[in-house]
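Trainee: Here is what each chain is made of, one letter per residue.
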Amino acid sequence: MRTLLFLIQKEFIQIARNKTMLPLIFIMPIVQLVILVYAADLNMKSIEYSVFDLDASHASRELLSHYDSSPFFDTQEQLFSDEDMEHSLKSGEADIVIKIPKGFEKSLMNNESVEVQFLVDGINNAAAVITTAYAQNILLKYHNNLGSSWLNLQEVQAKGIEIKSRHWFNPELDFKVYMVPGILVLLVSMIGWILTALNIVREKEIGTIEQINVTPVRKYQFLLGKLAPFWLIAMFELAFGLLLGRILFGVPIIGSVGLLFLFTAVYMLAPLGIGLLFSSLSNNQQQVMFLTFFFNLTFIMMSGLFTPVESMPNWAQYVNYLNPLAYFMPVIRMVLLKGSDFLDVLPNLIGIAIYSVVVLYLASLAYRKRV
Amino acid sequence: MQTNNTAIIEVENLVKRFGTFTANDNLTFKVYAGEIFGFLGANGAGKTTTIRILSGLSKPTEGIVKVVGFDAMKQSESIKKNIGYMSQRFSLYDDLTVIENIRLFGGIYGLSNKEIRNRSDELVKDLGIENLRKRLVGDIPLGWKQKLAFSIAIIHRPKLIFLDEPTGGVDPLTRRQFWELIYRVAKQGTTVFVTTHYMDEAEYCDRICVLADGQIKALGEPSNLKHEYQVTSIDELFYRIVKGEDRV
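Taken in order, these protein sequences are the chains called A and B. Reading the first sequence from the start, the letters are residues 1 to 371 in my numbering. Reading the second sequence from the start, the letters are residues 372 to 619 in my numbering.
For reference, chain A alone in the conformation it holds in the complex:
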C-alpha cells in the first residue's frame, strides 16, 4: 500500500511538471466543448437557394417572398434555364433550387393541383433531408394561407389534421444540449485512454520501466499506480466539463450528479484498461498512437455521438458491445437530460463493469515483468 502511494505521488509530480500534459488537461475540455459543440451543430441555417421561376406571376413572387423572409434561407439567386439550374447545384452555389412551373398562378386560381419542384444537393444526406423539410414546411404554410390572405376566396380547403410534435427532454431540439454530454464522454475517455497508454510506453522507451521491474514492485502495484492518477484526472475532467457545459450552454442537469459520477467511476476503468493493454502491446509511442487512432475513430463513429445507435444495422450494434463509449453515451444523456435513475442505467452499468474487468485482466496478462 505504501509502495502504491509512492508510485502515485511520483506520477502526480511528473504530470504537474509535464509541459504538455497539464495544459492539455485544462485546455482540451474548453476547446472540445466550445469548438466542437458549435462547429458540429446540425441545425441548418443560411441555406443557399436559387429560384427558377417560369411563372413570374404575383402568386409565384408571393411564394418566394415566404422563403425570402425565412431565417433559414439565405440568398436568393434567379435562374433562367435548366442549364443554370444544373450549374447552380453542381458548383455548390445553391443547396436547393426551387422551380415554379409555368401556369402556377392560373392553376391555383382554378383550384387545380400544381407541382413545385425542389432540387436538393444530396451530398450531405442529413443536411439534404433537413433542407427539404424546411422547404416543404414553408410551401405548406403558403398553401394554407392561400384562402384567407389572397384572392379572398373561400377557404381553399378544410383544415386538415395538423401534426404538432413536442420533443421531450430537449423541447427546443437544441443541438448543443444533445452534443455537450456526448463530447464529455469523448473527453474523459480520451484523456484516460491516451494519457495512460502514452505514459507507460514512454517509460518503456526511456528504460525506466526496467529499473522498476527489477525492484520488488508487484505487477498490480505498478498497474494501479498508473491507473489511479489518470482515473482521478478523468473524474476531475468530468466535473470541469459539466461545469463548463452548464455555464456556456446551459446544459440541464436533471438527474443525479452523484449517479453520473458513480457510473463514470466504474466506466473509466474501461478506457484506462484499454490504454494499459495497448501500451503493453506496443514498444514505442508511434505504435501506441496508431493503435489508438484506429480504435478511437471506430469507437467514436459507432458510439452514437452523432447518429443514433438504434438506426445502425444489427451487426454494428453487436460490435458496439466492444465499444466502451457506446455504454456511456446513452447513460450520460439519460441522466443529464431525462433524469434517469439508478435502475435505468443499471444494465449499462453492469455491462461496462464486466467490460472493465475483462479489459483489465487482459492488460495485466499482457503486461509482463519478465521476458
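Calculated directly from the structure, the hints in this document are not laboratory data. Check each hint, because a few of them may be wrong.
Covered, in the sense of this in silico footprint (three residues per stretch, anywhere, with C-beta under 8 Å from a C-beta of chain A), are these stretches of chain B [to be verified]:
hint, stretch
1, 425 to 432
2, 452 to 458
3, 471 to 477
Cβ atoms here follow ideal geometry from the backbone N, Cα and C, with glycine treated the same way.
With chain A fixed as given, assemble chain B onto it according to the hints.
Mentor: Chain B alone, transformed into the frame defined by chain A:
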C-alpha cells in the same frame, strides 16, 4: 575485500535461448560473497542476458540459477528484494529531482520515511551533491547521474549489486571515481557483479569471467589468467580469447 567461500550466486548449466539463437550456452560459475566479480565480453557475447536472468528480469531456459539463496526460476520476487541493479541504459527519472528519485526508490524498497530522510542526506553528502538536491536529474551531468544511479541502486543496502556497463560513456576521471564508489561498497560487504568492456576496469576486479559466443572462455583472478595465457594485460588476454586463440 572480505571474500569468503559462501556463494551468493550459483549458476549451473545455464542456457538461455531466444528462438533458435542461444544467448547463454551452458554457463557454470559461482560468485562468492563480498567479491567484485567482473563479467567481460564483446557486444553480443551474452553479458546482458545473463545479468537479466540473475536479477530476475528474465527466465532461464534451462539450468539451475540461485541468487542470494533464491531460485531464479521461481523466486524472482524474493531475489529482487535483496539485490540492487543499475543498467547501461541510464534509468532514473529525468523529470524528478535528485531527492525525489531517492525518495521514490527508497519507498519502493520499503524504507521508512526516517530511513529515507537519513539515507538521502548521507547519499548527497557522500557524493558531494548537496547543491544539486532539488535539480531535475535530467539537468545534471552524465557522470553525476551515473554515480547517483549507483548510490540509489544500493539505497536499500542489498547484499548484491548488479552493474551492467555502469561506466559507459563517462570520462576517465569519473570512471575512476565510480570505481572508488564500487570499492567502498565492496568493503562494506556488498558483492559486486559488474559487466564492462573497459579492460583496464577488469584489472580492478577480484575475479573475472570472459564470455564469448555465449560461453565462458576464461574464469579466474586477473593475475592468474594473465599468467596462464602469458600476456601482460587483460586487454591482450581478451583479444586472444575473443579471436579464438587458445592458451599457449
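Trainee: Please go over all the hints and tell whether each is borne out by the structure.
Mentor: Hint by hint, here is what the structure shows:
{"no.": "1", "hint": "425 to 432", "in the structure": "holds (count 5)"}
{"no.": "2", "hint": "452 to 458", "in the structure": "holds (count 4)"}
{"no.": "3", "hint": "471 to 477", "in the structure": "holds (count 4)"}
In this structure, every one of the numbered hints holds.
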